[in-house]
Amino acid sequence: NAGVTQTPKFRILKIGQSMTLQCAQDMNHNYMYWYRQDPGMGLKLIYYSVGAGITDKGEVPNGYNVSRSTTEDFPLRLELAAPSQTSVYFCASLAGEYTGELFFGEGSRLTVL
Amino acid sequence: AQKVTQAQTEISVVEKEDVTLDCVYETRDTTYYLFWYKQPPSGELVFLIRRNSFDEQNEISGRYSWNFQKSTSSFNFTITASQVVDSAVYFCALSEETSGSRLTFGEGTQLTVNP
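So the sequences go chain by chain: A and B.
Heads up, the first sequence is in this note's numbering, so the first residue is 1 and it goes up one at a time.
Heads up, the second sequence is in this note's numbering, so the first residue is 1001 and it goes up one at a time.
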């Protein structure tokens, strides 16, 4: 039972570098989300998707991009990493609107130096 | 716009005490959903409960109970006879019908249960 799988779990980037956080779910969920959690804070929505080919911005999309070419995968791209993007990133999925709980991945801890 | 406020940043109790975590929300929608999540020190997020705006019945699950009051826009969470394993950050979250299942989280309450 893989659920939502995020890779990598840890990463250190230098300022200006780019990288992609991978997220895959094997539950055939239509809805997928990327959140970031800064130290001691709640989760902020970066981007979300309601199905393959459809993505939309959340509260804090600047500096990020996403794509959703398949139902299973929802990668998050960081372009030109900045120290302000140091955070823990959580990917989550949901079977359908209001159907129940969000399934979260284990998180990816990113540090930008 | 939806908003969730958890005014208690940190709470510390001694084992076996009862503790209530407060959650106040703001929304213009008449249909919305409220959630509680637990984040233990290991970092994962664990779903605890989902409640829709039309169901104001209080819920009890073991030592956990939830008090939903639309009149005060609150969805408080009580742990009875707290245990050390309850130590975690607890998040309240809100989803409006018009927001496409996007959850807005509160800032969280760090609960520490001391032996």
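By construction, these hints were calculated from the structure, which means they are not laboratory data.
C-beta atoms are modelled at their ideal positions from N, C-alpha and C, and glycine is treated no differently.
Just so you know, not all the hints are guaranteed correct.
[Unchecked claim] Far from chain A, by Cβ distances over 10 angstroms, these chain B residues were calculated:
no., residue
1, GLN1006
2, GLU1107
3, PRO1115
[What the hints assert, rightly or not] No farther apart than 27 angstroms at their CA atoms in a straight line, the calculated lysine-lysine pairs in the BS3-like style are these:
no., chain 1, residue 1, chain 2, residue 2
4, B, LYS1016, A, LYS57
5, B, LYS1038, A, LYS9
6, B, LYS1016, A, LYS44
Okay, the hints, checked on the actual structure:
no.	hint	in the structure
1	GLN1006	8 angstroms, violated
2	GLU1107	4 angstroms, violated
3	PRO1115	24 angstroms, holds
4	LYS1016(B) x LYS57(A)	44 angstroms, violated
5	LYS1038(B) x LYS9(A)	20 angstroms, holds
6	LYS1016(B) x LYS44(A)	33 angstroms, violated
The structure fails to meet hints 1, 2, 4, 6 from the earlier list, while all remaining hints are met.
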